[in-house]
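**Q** Those protein sequences? They're chains W and P, same order as listed. Here the first sequence stands for residues 1 to 438, numbered as in our numbering. Here the second sequence stands for residues 439 to 876, numbered as in our numbering.
The hints are simulated quantities; they were obtained by calculation from the structure and are not laboratory data. This structure is a prediction, so every number in the text was calculated from the model and none was measured. Quick reminder that beta carbons are idealized off the backbone N, C-alpha and C, glycines included. Worth double-checking, as some hints may not be accurate.
Said to hold, decoys possible - Computed cross-link-like contacts, BS3-like style, restricted to lysine-lysine with a CA-CA straight-line distance of at most 25 Å:
id, chain 1, residue 1, chain 2, residue 2
1, P, K708, W, K321
2, W, K63, W, K12
3, P, K708, W, K326
4, W, K270, P, K759
5, W, K174, W, K155
6, W, K229, W, K155
7, W, K321, W, K270
8, W, K336, W, K431
9, P, K844, P, K870
10, P, K621, P, K609
11, P, K774, P, K844
12, W, K270, P, K764
Unchecked claim - Non-contacting residues of chain W with respect to chain P, defined by C-beta distances greater than 12 Å in every case (computed):
id, residue
13, N2
14, G8
15, D164
16, D184
17, R187
18, D387
What the hints assert, rightly or not - Chain W side only, calculated, beta carbon under 7 Å to chain P, not exhaustive:
id, residue
19, M295
20, L323
21, S350
22, V374
Number of protein chains: 2
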Amino acid sequence: MNIILLSGGSGKRLWPLSNDVRSKQFIKLFKDNDGNYESMVQRVYRQITEIDPDAKVTIATSKSQASAIHNQLGGKVSICVEPCRRDTFPAILLAASYLHDELGVSEDEGVAVCPVDPYVDNSYYEYVRKMEMVVKQGTANLTLMGIEPTYPSEKYGYIIPTTDHEISPVKEFKEKPDTEAAKDYLRQNALWNAGVFAFQLGYLLDKAHSMVEFTDYRDLYSKYETLTKISFDYAVVEKESSIQVMRYSGSWKDVGTWNMMAEVMADDVKGRAVMDDTCENTQIINELNIPILAMGCRDMVIAASGDGILVSDKERSGYMKPLVEKISTDVMYAEKSWGTYTVIDAEPGSMTVKVSIRAGEHMSYHSHDYREEVWTVVSGNGIATVDGMEQRLRTGDVITIAAGCKHMVEAETDLDIIEVQIGEAISADDKKKFDWKI
Amino acid sequence: MNIILLSGGSGKRLWPLSNDVRSKQFIKLFKDNDGNYESMVQRVYRQITEIDPDAKVTIATSKSQASAIHNQLGGKVSICVEPCRRDTFPAILLAASYLHDELGVSEDEGVAVCPVDPYVDNSYYEYVRKMEMVVKQGTANLTLMGIEPTYPSEKYGYIIPTTDHEISPVKEFKEKPDTEAAKDYLRQNALWNAGVFAFQLGYLLDKAHSMVEFTDYRDLYSKYETLTKISFDYAVVEKESSIQVMRYSGSWKDVGTWNMMAEVMADDVKGRAVMDDTCENTQIINELNIPILAMGCRDMVIAASGDGILVSDKERSGYMKPLVEKISTDVMYAEKSWGTYTVIDAEPGSMTVKVSIRAGEHMSYHSHDYREEVWTVVSGNGIATVDGMEQRLRTGDVITIAAGCKHMVEAETDLDIIEVQIGEAISADDKKKFDWKI
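The following block holds chain W by itself, in its conformation from the complex:
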């Protein structure tokens, strides 16, 4: 089957484990069949390939997430990177033309689009496959998944079907309602809109060509910036008359808040933490290398990372967004395509960073105008290039890199470097990239 996974939104609702460069889908709180920790994106990929080992999985995402996806899934998936953010219609359109023009998917094949972040079991992806099969029968242009509601929620949009059959034409869509309206919808057999659609690839490409002038994927990519920001729901779904919904009553959980995430995470404690025996219904995730001691905590979630520490009543955790925005905090941890980058000390005029590079990987060849750097290798071997000169690096070696000097390092083994940055204007924006080995 062909699946486009939408991996969007850097979010603050799972702060401090999600931030501007690290989305919730990359936090490793679940476990795979061997008991190893895995992230949402790893879990989803695993689930899809358990259902269909030959599935063509394409992740539609932004530049900022491409490294993390590569890090977590390696070369196993296609990544369709948006050159800039333009809402879901342009993103799905770009991914669809990528499937057609780059992966050779033919116009009569079915394609499903799913968000990457619901917590489900494998039966969900069985159902997505079923949707793709239904799509090929051509009974409707667009097939949606409708989640059988478990309560009259105010958090989701609703789909009102014309019948209560498993597959039914759609009567109308409803925005997030209040509880009374939601109760009324439930009496009409309404379903939650989970943002899952399936269609024949040709349908979407025709639709796209009627709305946007472009020749192929590369052309669309080059003019992506000029596209209007508009959601797929608004641009396509709500305007389509040949549309049906398939009723799904299997497992489905929205883990967008700590309250829900705490419920599904694999272990009550991840990382260095001790709970006394008076703690109840409490989960701790600790990414710091100092211990957490929790005593007498009830219905709480405690989460710590280089970005900060959350101590919250579970119920309240859903309201954190404005508070997190108030805590203006620099990003202290980032997952890169070559490894990780952790700020361990920040002062006016200096910043100390721990850089970990995986064996065989290398960072980009770059320079900084406004800071010098002192690298001390604390473990591993590698080769540094500084202004074109190669230099072997071993544990204990020190390199000083003046402002303006081009530099990079390739790791021969896993390589840890303590990097001290010194300068009055230290900023992630102070970076020029250069070609390497030309």
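Given the coordinates of chain W, work out where chain P should sit on it, guided by the hints.
**A** This is chain P only, laid out in the frame that chain W set:
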């Protein structure tokens, strides 16, 4: 007046702000008259000198606390350092002979001994002065302070007086009782034993000479290690027949647990932290440079330092000692006579430390057998000495110090250094000290 302050016990009951090298009396959670944060030891010193600007204050303490005391009080107090730990009788004896032989206090002067850690107002030290005056009248060899109990506590020892007068002979002492026994003591006008004694200096020296063979302070210091470990209560107080108690009914709080400390700290939040408006009766102390967000917390204390993070129900916080002992943690932060030492990263084979040295101060001249160090100056100026060679240090300078190499640094301005230690056996014990400038 002459006061000996006993500054003992490295404790775990205020973890993570107290640890093996940092006692609760050095945590800055109170405020002075100008609104600046102060520690318990600073507060006590300030209170005593507000009552009596000419007070001779001597702090009896261990080697491990001497640096922190010097750091916080500068040269204003005499510090009588025990060469090793030998319980309160030897400690008070050493301090008494120090007063006599080093500070020239005469034998007929009164001396009061107080623990450094109760939270009181100035009236308490007024009362201590009054005790010293009473002592000089010679009506008893030993005068104790008895705290008017506010409830039948199981946490304190009791003094049963013969009368209910302000000054009364002591009938007997009682160990920490159960609640029923405590109620019975209260009916007998009993008082809490606060560990405050006053005596004429000559009395104690006579007593001491009858029990220990020594000539003067220096002689006692040299044989300190041979003294028997015994408490002052057991060795002197409980054996003395000429003994009286003075009834104190002013403010007095034992801030040995977070529950009590949270009640008296100056601000509900110290450090980077945000509480939402559903938090109730909650205090946060954050010494880390990442923010804490607390939501929906009730009756809790949250404390974070380089050693760890505590999230506790206040009532439960009194039971933390065994749990903290379970979290075997290396000391990540230490206050030195010359500044501070903060571990910012620790891995097998390496440790990264931020060393901050105050202007004018210097560390000891020393070497390590099993590690090399790379120092990068991130701010300030100083002079390093490496194997006898002096070298000026400025921001951005890097020094590599091989294993076995003697080194030290003097700060000309406040000086911050990132020190990367590399070696298979990094340990605080791997340190040889040398004389400098001989």
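**Q** For every hint, state whether the structure bears it out.
**A** Checked hints:
no., hint, verdict
1, K708/P with K321/W, "holds (23 Å)"
2, K63/W with K12/W, "holds (18 Å)"
3, K708/P with K326/W, "holds (17 Å)"
4, K270/W with K759/P, "holds (23 Å)"
5, K174/W with K155/W, "holds (12 Å)"
6, K229/W with K155/W, "holds (23 Å)"
7, K321/W with K270/W, "holds (23 Å)"
8, K336/W with K431/W, "holds (15 Å)"
9, K844/P with K870/P, "holds (9 Å)"
10, K621/P with K609/P, "holds (17 Å)"
11, K774/P with K844/P, "holds (19 Å)"
12, K270/W with K764/P, "holds (17 Å)"
13, N2, "holds (41 Å)"
14, G8, "holds (24 Å)"
15, D164, "holds (40 Å)"
16, D184, "holds (32 Å)"
17, R187, "holds (34 Å)"
18, D387, "holds (18 Å)"
19, M295, "holds (4 Å)"
20, L323, "holds (6 Å)"
21, S350, "holds (4 Å)"
22, V374, "holds (4 Å)"
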